[in-house]
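Trainee: Listed here are the chains, written in short residue letters.
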Amino acid sequence: MSSTIPAPAPPQDGRAATTVAEVVPQLEETWRHEPGLLGWIRSVDHKRIGTRYFITAFVFFLLAGLEAAVMRAQLARPENTLLGPDAYNQFFTMHGVTMMFMFAVPVMDASKLYLVPLMIGARNVAFPRLNAYGYWVLLIGGLFLYTAFFLNTGPDAGWFNYVPLASSQFSPTRRVDVWAQAITFTEISSLVAAVEIIVTVFKCRAPGMTLDKMPLLVWAMLVQSFMVLFAMPWVATASQFIAMDRLVHTHFFDVALGGDAILWQHLFWFFGHPEVYIIFVPALGFVSSIVSTFTRRQIFGYPAMVLSLIATAVLGFGLWVHHMFATGLPQLGESFFTAASLTIAIPSGVQIFCWIATIWSGRPRITVPMLWVLGFVVTFIIGGFTGVMIASVPFDQQVHDTYFIVAHFHYVLIGGAVFPLFGAMYYWFPKVTGRMLSESLGRWHFWLFFIGVNLTFFPMHQLGFEGMPRRVYTYLPETGWGPLNQLASLGAATIFVSVLLFLINVARSLRAGSPATRDPWGAATLEWAAASPPRPYNFAFIPVVKDLGPLWTFPGQLPAVTGIRTDVRDVLLTTLIGARPDSRHRHPKPTIWPFMAGIATGIFFITLVFTPWGFVIGVPLLTAAFIGWAWPRGQDHREQMSVEAESALGVSPEVPA
Amino acid sequence: MTSTPMELRPVASVADLPTTTFGHRSIAWWGTIGFIIIEGTTLFICAMSYLYLRVTVGQWAPAYAPLPDLGVPAVQVALMVASNVPMVLVDRAARRLDLTAVRSGMVIMSLLVVVMCVLRGFELAALNVRWDENAYATAAWAILVSHGTLLLVEALETLAQTALMFNRRLEQRDISAIADGALYWYFMTSVWVPLAAIAFLTPYVAGP
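Taken in order, these protein sequences are the chains called D and S.
In terms of the working numbering, the first sequence opens at residue 5 and continues consecutively.
In terms of the working numbering, the second sequence opens at residue 15 and continues consecutively.
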């Protein structure tokens, strides 16, 4: 530019700005978080909502863990009297319901809602208000479940809620109704999060991030979201069926009038088995991110990894009947589902080998996140082995409903999901909070947890062989099960101490942890290009991606696109496959309506626990909330009109260089 | 405390991209697809539960309950299939941003969807059996009521969108939303054809 001609003043909307310094002040103003409690409630920032989801889910993890600790105290010696049979039924049901519905699924939702937009270079998720709504629904559902539990009305028919035990004949109180409606909340929230992530990944990726340049974690979250979409409706529908059986005397599961109890098991497990993978697949994404960073290698066999994720998801829908081997199925059916159950070990094996190859060919740094990954490999493989064992019908018939099964699925779920999750917490904590966690406390946490888990669950294999059934509140001294149970309870105490150390680590770090740099681990993916913690708009300009590791390819300076408005919440949409810039889209400002819609949903389903009139009350309330949500008004309308005025319908231009 | 973000180097501008898009270019269209998958799965479960119970119970209508009437259900199916013609026209008008055609079209769609809701009430009566009489009745009601919930959502949405078309604060994206609503309409009306066949015709077929 000639020095004699003065530079033109940058336009008000920021589209012409080409330096970070020009756009940041206006971006800070446009995307700023509103102050106060109301501002907190109205927020639609995926990072704030993701963090909320995470904290909420983690509190439920602690509650469910405490329930497990009480159960282990009860079982530590024969004929113990800490919990009676009625309380014990509620405790083991609440433990399962909380861990599966209030912790495991929401915590994975939290992770994807926080991380995916950052990893694909977006400013927010595709539907920010829907995202906020999903959180409020989950929170209300969790509060409802625990209020009922504290009022001695906690669900007590198992997390799978089998009929006929769960029918009004054998469970006449409201406990099962609480189960049926409480899980509806978490289903809505995870379905919403799934749609959210699918559309975000499809349409909001940074220019150049074609499908084969997406981080494996993003692939994992995409695949998991599709699984949620096809799996969650089964339990949602089944729980409404049982609620109707109990509330308005339908006969879905009432054998006396033509219903069928096994139908419940089919409906439940068609959800219940994919559920395991809904929890496990995101964890595979965590592992890939951590392994890649700490070996400073792209994961070996990227196409094989992606195809394995997809194969796991598809096969995961073909296994549900192996939960029902003891119901007297036709032999052909049993053989088919045995084969299918064995097959799913293949994609899991492929991924394990790819990680081992990556670690082998790199120079791994054994940091705390990496320790958790190694712990995952060991623990999950033990769970996988017993899984292959019980896929065999004759073996399964022997150990069905014994502690062998309890041991198996705790190895799979803790090994497959909780270990990677703790690794992920150590890995992304600096990004989320701007502080590092203590490595030495982290190592104590890891080793105590690893020892505790094995001490708790390994003896259960033997208890199962000795015939100890699940879900019994006590046992006689003559059974000889006392010593191994005592060992398991000692393990539970070890886990308790290790989690306490983690909480201390987090508290200390938040108060006085060493500040985190933007990219403390030297990672390759886009979230590490943002500040720690990221600003509300994530990136000043939208980065352009050319390969799987943008931060390794361009260590100093990322290429980026300009031309996105800074005076309104403007975002870039790209094409599904090629990730070419396609259109611009204005995001909504903070709003109270998702919260109101959440409250309306809460009133709807909680009233349905007591009366069918819940439908009559709930539908108008929800309608009102959604009309309030969608109706154009004031400032919002003016902004939208200004965006629409500047460019009429058009075709997308060619890819920028 | 915040660390400094990474430096960014502009390589291209996207300032001139369009801000209103239709179909697969719009995120609302993909959102609609997501909800169609969820609701389609729900309806599939209802249909599968119906057929499962029919096989396991060993006796089904007519041994079990009077056969359903076919008159009203036939009218409903015909109306739903036929309603796709005006909906396609509204869809196209929306993509042209032809507000006059969209407005009149949406008024017609509003009337149609209200008629469909009323017919659903008569369809329930045409089953000739109450939901709490036996599992056959329960399964048939489940199909009609589940799809009825979608119909109700569609009715509320159509009425609200029609009202919005006459609002002075009309935005282009509201017209794009009409096209997304059309997608949902095609789904809601077409899925009823197999469901109606299961609920009203299969009772006439003998055997389990």
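Rather than coming from a laboratory, the hints here were simulated on the basis of the structure.
All C-beta atoms in this analysis are idealised placements derived from N, C-alpha and C, irrespective of residue type, glycine included.
Any given hint could turn out to be false.
Using C-beta positions, here's what the derived DEER-type ranges look like [as the list claims (entries may be wrong)]:
no.	chain 1	residue 1	chain 2	residue 2	range
1	S	129	D	88	28 to 38 angstroms
2	D	646	S	200	26 to 36 angstroms
3	D	650	S	183	10 to 20 angstroms
4	D	526	S	37	37 to 47 angstroms
5	D	635	S	92	54 to 64 angstroms
Calculated Cβ distances over 10 angstroms to all of chain D for the following chain S residues [said to hold, decoys possible]:
no.	residue
6	80
7	100
8	145
9	149
10	187
11	208
12	216
Trainee: Tell me if the beta carbons of residue 635 (chain D) and residue 92 (chain S) are separated by a distance inside 54 to 64 angstroms.
Mentor: violated, 35 angstroms
Trainee: Just want to verify: residue 149 (chain S) was marked as not at the interface with chain D; is every Cβ pair farther apart than 10 angstroms?
Mentor: Given a closest Cβ separation of 3 angstroms, the condition is violated.
Trainee: Could you say whether the range 37 to 47 angstroms given as a hint is met by the Cβ separation of residue 526 (chain D) and residue 37 (chain S)?
Mentor: holds, 42 angstroms
Trainee: Since residue 145 (chain S) was said not to touch the interface, does its Cβ keep a gap of more than 10 angstroms from each Cβ of chain D?
Mentor: violated, 6 angstroms
Trainee: Using the C-beta atoms of residue 646 (chain D) and residue 200 (chain S), is the stated range 26 to 36 angstroms upheld?
Mentor: holds, 33 angstroms
Trainee: Per the stated criterion, does the least C-beta distance between residue 216 (chain S) and chain D lie above 10 angstroms, as a non-interface residue requires?
Mentor: holds, 15 angstroms
Trainee: Per the stated criterion, does the least C-beta distance between residue 100 (chain S) and chain D lie above 10 angstroms, as a non-interface residue requires?
Mentor: Its Cβ never comes within 10 angstroms of chain D, the nearest being 23 angstroms, so this holds.
Trainee: Checking a non-interface call: every C-beta of chain D should be farther than 10 angstroms from the C-beta of residue 80 (chain S). Is that right?
Mentor: holds, 15 angstroms
Trainee: Assuming the hint says 10 to 20 angstroms, is it satisfied by the Cβ distance from residue 650 (chain D) to residue 183 (chain S) or not?
Mentor: holds, 18 angstroms
Trainee: Given the hint of 28 to 38 angstroms, is the C-beta distance from residue 129 (chain S) to residue 88 (chain D) inside that range or not?
Mentor: Hint violated: Cβ distance 58 angstroms, outside 28 to 38 angstroms.
Trainee: Does residue 208 (chain S) clear chain D by more than 10 angstroms, comparing its Cβ with all Cβ atoms of that chain?
Mentor: Residue 208 (chain S) clear of chain D: closest Cβ-Cβ about 17 angstroms, beyond 10 angstroms.
Trainee: Can we confirm that no CB of chain D comes within 10 angstroms of the CB of residue 187 (chain S)?
Mentor: violated, 7 angstroms
Against the hints set out earlier in the document, violations occur for numbers 1, 5, 8, 9 and 10.
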